[in-house]
Amino acid sequence: MVRSLSDSAVESVLRNPGAMFPSPEDWRDCWIYFLLVDRFNHPVNPPRSTALDFLPYQGGNFEGIRQQLPYLQQLGVKAIWLSPVSMNPQWFTDYYGGYATLDFLRIEPRFCTDINAAINDPTVADREFRTLVDAAHALGIYVILDIVINHVGDLFNYEGMKDSLPWKAQLPEYQIFWRDASGRARGERPDIGNIPGLLPTEGVWPQELQRNDYFRRRGDNNPNDLTQGDFGRLKEIVSAYLDTTNNNYPVRNHLIRACQYLIAKFDLDGFRIDTLQYVEPDFARVFGNAMREYALSIGKKNFFTFGEIWSDDEAQIARFVGRNTQINDDAIGVDAAIDFPMRQRLVDAVKGFASPSALAGHFDYRQQVLRRIISSRGDAGRYYVTFLDNHDLNERFHNSAFPAQTQVALTCLLSMQGVPCIYYGTEQGLEGRGGVREFSRGTLWGRPAAFSTSNDLFRTISQLSQLRDRQPALRYGRQYFRVCSGDGIDFGYSNNPGGIIAFSRILNDREVLVVANTDTRNPINIFVAVDANLHQDGKRWDVLFSTASSPTAPDPTTSRNRFRRVRVNLQPMEAQILG
1173 MVRSLSDSAV ESVLRNPGAM FPSPEDWRDC WIYFLLVDRF NHPVNPPRST
1223 ALDFLPYQGG NFEGIRQQLP YLQQLGVKAI WLSPVSMNPQ WFTDYYGGYA
1273 TLDFLRIEPR FCTDINAAIN DPTVADREFR TLVDAAHALG IYVILDIVIN
1323 HVGDLFNYEG MKDSLPWKAQ LPEYQIFWRD ASGRARGERP DIGNIPGLLP
1373 TEGVWPQELQ RNDYFRRRGD NNPNDLTQGD FGRLKEIVSA YLDTTNNNYP
1423 VRNHLIRACQ YLIAKFDLDG FRIDTLQYVE PDFARVFGNA MREYALSIGK
1473 KNFFTFGEIW SDDEAQIARF VGRNTQINDD AIGVDAAIDF PMRQRLVDAV
1523 KGFASPSALA GHFDYRQQVL RRIISSRGDA GRYYVTFLDN HDLNERFHNS
1573 AFPAQTQVAL TCLLSMQGVP CIYYGTEQGL EGRGGVREFS RGTLWGRPAA
1623 FSTSNDLFRT ISQLSQLRDR QPALRYGRQY FRVCSGDGID FGYSNNPGGI
1673 IAFSRILNDR EVLVVANTDT RNPINIFVAV DANLHQDGKR WDVLFSTASS
1723 PTAPDPTTSR NRFRRVRVNL QPMEAQILG
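Just so we're aligned, residue 1173 is where the sequence shown starts under our numbering, counting upward by one.
Calculated from the structure, these hints are not laboratory results. Careful: at least some of the hints might be erroneous.
[To be verified] In silico SDA-like cross-links for lysine to any residue, where the CA-CA straight-line distance does not exceed 25 Å:
#1 K1523 / G1607
#2 K1334 / I1367
#3 K1473 / R1302
#4 K1523 / H1563
#5 K1523 / L1565
#6 K1334 / P1395
#7 K1340 / D1397
#8 K1340 / Q1400
#9 K1523 / S1634
#10 K1340 / T1399
#11 K1340 / R1405
#12 K1711 / Q1643
#13 K1711 / F1735
#14 K1711 / R1739
#15 K1473 / E1183
#16 K1334 / N1393
#17 K1711 / G1660
#18 K1334 / D1392
Bear in mind the structure is a predicted one, so any value in this text is a computation, not a measurement.
With these hints in hand, go ahead and build the complete structure from the sequences.
If you want it as structure tokens, here you go:
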């Protein structure tokens, strides 16, 4: 059992990891399928019946994922993003997600086929997780692991027997009491450094983190500084702890070494970094560069790191993305951010809550924010992982009353700039909405035809994935939102809800045009502006993809005043990709 970062087994793995699965040349060539390990598949146990029953562990495991890898390959998945797999407190049965780490070096036993064996022998879990990764690689699927470097689990409570307390602005810190293996906070355990015979299922591991002053101990988040304070009941790590004697940051060094060990031990291809906006930007830079440089040293030439930055502020997001770029004189090392601003505007436009002009205007604004990072308009896609929904929202995007909306949204998502990410179950029409996040976290297995390859949404995603492979412009192209016109004379962005989303991806001399009608009832006949340098009057366009079973081909290109334009005919809630 590995309990320390100085263990010879850790050093051996770091120095001699063996042959590594090669990185993709460009992550824009991939699209990512995000799944919750506990919720994706277990071929034996039935799921629970209601959303609120989904709080406990459901039994999804590594083997269930491994069995469905051919299904994911047929869907077109290029990479899977797994929710965290580091061991959580075993007593904490109402937190299945994996974001409450107890041991940074050990794999969660509950994700294994034989849970008891994995609890008693950590190598059982190691082998089963590595088997999953190797099986994915054998099918050409990359593996991205969700990690947490901002906080650990609810490993201690506060004075007064409180799981959480308000932010304490003044020192000294709150008195704390570390929990035992059953989750009970013990009054004789105020200092983890003085607990005799600490079990592998209590405290915090590896041993190097077993110091009280490596944890904030000042209660919930500081309203004036997001980088300080707990994350609810999840206790904050003080990654900014400075050892003044040695002039270094030991907590950062320990976390970096632990995560490098995971890369080498399990041949991982990337990290999604949870709650990155709560991490000090200088640690985000150091961590991102440390992952990239270590991966380069062992043959992973393009290890991918992207972070959760839950913000609608483009400038805030830009502070964290782009390798070795300069934003406000800070060098940043993380590759990309999850694209919350785009997600909100795309969802609102497709569902008719807002006009498409808000989506178009936001992308125009983004070009200005990124002007010091990108080398061209096509380069912007490197820095964003785009999505429609995920486990941190109270509802999924799909609504069975409007299935065409999901097809339109997926067409836009897989055609727009960025590295697209699709939430598990979207391809099967999994839906859920309510007042808590559990409504978006249902199990995929246990329902009729849970892994059907004939579902309309499955086929839509598969076809779009193949089109992305055939059309480099959809991966690397410059992106321009297009103005439209009903009369062919007066052009502008579509300003009304239920309007037209229109944008082009241009790569060299190739333009691919995406046009979507978000009106649920009315067809549309509309002129869309295209690049005048690439198209002559009379040039015909092909329908490369349509969400309609019998689409109408557009008219040939024509000119009027200063606009080169193409006339497009769309059914209600139809999206077309034209080339």
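Structure-based check of all given hints:
1. With a CA separation close to 19 Å, the supplied pair K1523 and G1607 stays within the 25 Å bound.
2. Note on K1334 and I1367: the hinted pairing holds, with a Cα-Cα distance of about 21 Å set against a maximum of 25 Å.
3. For the hint pairing K1473 with R1302, the CA-to-CA distance comes to about 20 Å; that is within 25 Å, so the pair holds.
4. Note on K1523 and H1563: the hinted pairing holds, with a Cα-Cα distance of about 20 Å set against a maximum of 25 Å.
5. For the given pair, K1523 sits about 16 Å from L1565 by alpha-carbon distance, which is consistent with the 25 Å threshold.
6. Distance hint between K1334 and P1395 is fulfilled; the C-alpha atoms sit about 20 Å from each other, no more than 25 Å.
7. The hinted pair formed by K1340 and D1397 meets the criterion: a straight-line CA distance of about 12 Å does not exceed 25 Å.
8. Restraint check for K1340 and Q1400: satisfied, since their Cα atoms lie roughly 10 Å apart, inside the 25 Å limit.
9. For a cut-off of 25 Å, the pair hint linking K1523 to S1634 stands: about 23 Å separates their Cα positions.
10. With a CA separation close to 14 Å, the supplied pair K1340 and T1399 stays within the 25 Å bound.
11. A hinted pair counts as satisfied when its Cα atoms are at most 25 Å apart, and K1340 with R1405 qualifies at roughly 15 Å.
12. This hinted pair checks out: K1711 and Q1643 have alpha carbons roughly 19 Å apart, not beyond 25 Å.
13. Among the hinted pairs, K1711 with F1735 is consistent with the structure: their alpha-carbon atoms are about 14 Å apart, no more than 25 Å.
14. Pair hint K1711 plus R1739 holds up; C-alpha atoms about 12 Å apart against a cutoff of 25 Å.
15. At roughly 21 Å between alpha-carbon atoms, K1473 and E1183 fall within 25 Å of each other, so this suggested pair holds.
16. Between K1334 and N1393, the direct Cα distance comes to roughly 15 Å. Compliance with the 25 Å bound is thereby established for this hinted pair.
17. For the hint linking K1711 to G1660, the alpha-carbon distance of about 17 Å falls within 25 Å, and the restraint holds.
18. For the suggested pair K1334 and D1392, the alpha carbons sit about 12 Å apart, so the restraint of at most 25 Å is met.
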